[in-house]
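Student: Given next are the chains, with one letter for each unit.
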Amino acid sequence: MIRYPSSLIFFVILFAGVSLYQIKHFITKKEIELAQIEKNIKSAQSNINILKAELSYLKRPDRIEKIALDKLGLREILPTDIWNLNDLVNATNILSNGENK
Amino acid sequence: MKIFDFFDLDISKQNQSKFRKIKLLICSLLIIIFFTIIGYRTISLASINKSNVSNKVYAGIENETIAKSLRGNIYDRNNKILATTISTFSLNVNPQEILNIDQTIVKLRKIFPQLEEKYLYKKLNTNKKHINLLKEISPREYVNLLNAGIEGLKIETKNKRIYPNNTLASHILGATDIDGNGIAGVEKKFDSLLQGGSDITLSIHCGIQHITRKLLFDQIKKFEAEGGAGIIMNAKNGEVFSIVSLPDYNANNYNSILNENLFNKATKGIYELGSTLKLITAAIAFDSNLINENDVFDVSKPLKISSRIINDFHPLNYAINIPEVIVHSSNIGSAKIAEKFGSSTQLKYLRSLGLLSMLSLEIPELGTPQVLIDKKVLSTMTISYGHGISITPMHLASATATIVNSGVKVNPTLIKGKTEKNNDVIISNKTSLKIKSIMRLVVSNKYGTAKKAEAPGYLIGGKTGTAEKINPSGGYSKKENIVAFTGAFPMNDPEFIITIMIDNPKGQKFSFGHRTAGWVVAPIVKKLVTRVAPILGVNPQLESSSKFSNNLLNYKIRGKNHGANL
Numbered sequence: 001m002i003r004y005p006s007s008l009i010f011f012v013i014l015f016a017g018v019s020l021y022q023i024k025h026f027i028t029k030k031e032i033e034l035a036q037i038e039k040n041i042k043s044a045q046s047n048i049n050i051l052k053a054e055l056s057y058l059k060r061p062d063r064i065e066k067i068a069l070d071k072l073g074l075r076e077i078l079p080t081d082i083w084n085l086n087d088l089v090n091a092t093n094i095l096s097n098g099e100n101k
Numbered sequence: 001m002k003i004f005d006f007f008d009l010d011i012s013k014q015n016q017s018k019f020r021k022i023k024l025l026i027c028s029l030l031i032i033i034f035f036t037i038i039g040y041r042t043i044s045l046a047s048i049n050k051s052n053v054s055n056k057v058y059a060g061i062e063n064e065t066i067a068k069s070l071r072g073n074i075y076d077r078n079n080k081i082l083a084t085t086i087s088t089f090s091l092n093v094n095p096q097e098i099l100n101i102d103q104t105i106v107k108l109r110k111i112f113p114q115l116e117e118k119y120l121y122k123k124l125n126t127n128k129k130h131i132n133l134l135k136e137i138s139p140r141e142y143v144n145l146l147n148a149g150i151e152g153l154k155i156e157t158k159n160k161r162i163y164p165n166n167t168l169a170s171h172i173l174g175a176t177d178i179d180g181n182g183i184a185g186v187e188k189k190f191d192s193l194l195q196g197g198s199d200i201t202l203s204i205h206c207g208i209q210h211i212t213r214k215l216l217f218d219q220i221k222k223f224e225a226e227g228g229a230g231i232i233m234n235a236k237n238g239e240v241f242s243i244v245s246l247p248d249y250n251a252n253n254y255n256s257i258l259n260e261n262l263f264n265k266a267t268k269g270i271y272e273l274g275s276t277l278k279l280i281t282a283a284i285a286f287d288s289n290l291i292n293e294n295d296v297f298d299v300s301k302p303l304k305i306s307s308r309i310i311n312d313f314h315p316l317n318y319a320i321n322i323p324e325v326i327v328h329s330s331n332i333g334s335a336k337i338a339e340k341f342g343s344s345t346q347l348k349y350l351r352s353l354g355l356l357s358m359l360s361l362e363i364p365e366l367g368t369p370q371v372l373i374d375k376k377v378l379s380t381m382t383i384s385y386g387h388g389i390s391i392t393p394m395h396l397a398s399a400t401a402t403i404v405n406s407g408v409k410v411n412p413t414l415i416k417g418k419t420e421k422n423n424d425v426i427i428s429n430k431t432s433l434k435i436k437s438i439m440r441l442v443v444s445n446k447y448g449t450a451k452k453a454e455a456p457g458y459l460i461g462g463k464t465g466t467a468e469k470i471n472p473s474g475g476y477s478k479k480e481n482i483v484a485f486t487g488a489f490p491m492n493d494p495e496f497i498i499t500i501m502i503d504n505p506k507g508q509k510f511s512f513g514h515r516t517a518g519w520v521v522a523p524i525v526k527k528l529v530t531r532v533a534p535i536l537g538v539n540p541q542l543e544s545s546s547k548f549s550n551n552l553l554n555y556k557i558r559g560k561n562h563g564a565n566l
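Protein chains in written order, with my numbering: chain A, 1 to 101; chain B, 1 to 566.
Any given hint could be a false lead.
Chain B regions said to be covered by chain A (calculated; three or more residues, Cβ under 8 Å) [what the hints assert, rightly or not]: (1) 116-126; (2) 160-174; (3) 202-215; (4) 243-257.
Just so you know, these hints were derived from the structure itself, not from any lab. Here a beta-carbon is modelled for each residue, glycine too, at the ideal position from N, C-alpha and C.
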């Protein structure tokens, strides 16, 4: 005759075994998912790198300069194109003093 | 009681119930051990054992396409990519697995029209099991190949280092070999960091690097020169904004480049940079207190020392002071100044300015200066005007920065934000001010040798240098020059250093046959500063309205015919 404690131990072990198998199965599944996600991240990073490299290629200073000069008709900045605000005030004062005289 | 007695039937008859209990106990123990083993095995199989399970899972996935961790990127100071790694595909084929060669060729040519039918037929009609058809295919071609479903094809993924700006900063960036190991430049210096996936941000400014290169390239072409170097760096913290060495190369094709192009003239090549060294001579003269500011030196006659005669390119017929020696670039004056302070003082300052040792810049291609250290008077004299001392243009830029940075040592760096507080004071603030004032006069004064470098509003100052090239067979060449300029802007508070060197320019019609620094290098300085100053945030100043006049000393410079006034 099978005694009550023995059967309990048997079912506990059986339950533990099945549970652990389920957990293992679940973890393995999650690990595959994780590996897949990591692979996707790497793939995305690789694609981002390609896009960044392409952007950098398109933004090459020599290319931008060529477009600015040939297509947009821009020219290089001369010192006379840039004015310091104080110098501008001084120049205005000098001009207005000249007009008053 | 012996254990074997349990199985003896005769004895068991004597006390059967007792034996039964013992037998039951043994059976129970065996069952417990049996269940324990089964339980242990169940747990061990059910538990997460990476070596048994995960690696296989990971390996299966990793092998599919995407490669391991990518080499780190290299950025410029504004986070523009200078070097990056991308995954590329190569197309291989196993001809033994192809069922119908003609059909395969048709399918392949639809995707790769550049592959000729004859070539494919020859490649596929072989007994080999592995043939590389194309070293690189694009992602689009890769997808088309998958859709075409051609048997026997094998697509391999590999990492490729690319430099999107082609020639830009190629000498700084260097290159990697086929296995992805750094073999030159920053790639080599920071190889372990980059291999670990870390990014590096350089102090280089893409735009300024391009402008420096372009202007230098144009001038080299104009004067049919052999090459040149150009440097722009922060005068206060040593951050390098551009280093150009010409001829340069496309870093994407490193392995097919001539050695001559790979040579970094800015940091590796050592040259006699001529009169630019007079700035250092003047600084030593002022700082050592061995010469009075009002001392004058007779430059009316050539100076004969041993068998050597020292001449001036623009002879003057009277005695001149130190600022005039620099502005007129007098070799005789410079030699006489050096004679006064002597060899040991000269070497002490050259050493502290870093002109006798290799720089600590973050690339492996660095040159070691060669200086004639025989302590003879003649050597001291010639070194004073840049002969008998060979340094890299980067050394000159670094020394110029120290001189204009109130005498506080400036160590050049290629890494953005690498701020090493340096308190080494090489020359006094007073000496620095005097040299800055003289440097400005070299450009702004009508007798200055760098008049063509004047860019209105940017208060450029500096010193030109023209030196005969050393003959490989010995002596100096009368036909070949090295021309250079080193300076700073704006001189009332120098923020940036500019150093240019051009190797062997030829006299041109438009330069009236001249091939001196004043004709060859000074014009680039003007163009370069005009273009880069707005990018660097240096606003043009009107000399009348700025603090310029208060910040610099005003030395009087006499011209060619003022001998009688002395």
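Student: A separate judgement is required for each hint: does it hold in the structure or not?
Tutor: Status of each hint after checking the structure:
1. 116-126: Three-residue rule not met by the stretch 116-126 of chain B, so violated; n is 0.
2. 160-174: With 5 residues in contact (Cβ-Cβ under 8 Å with chain A), the coverage given for the stretch 160-174 of chain B holds.
3. 202-215: Three-residue rule met by the stretch 202-215 of chain B, so holds; n is 6.
4. 243-257: violated (count 0)
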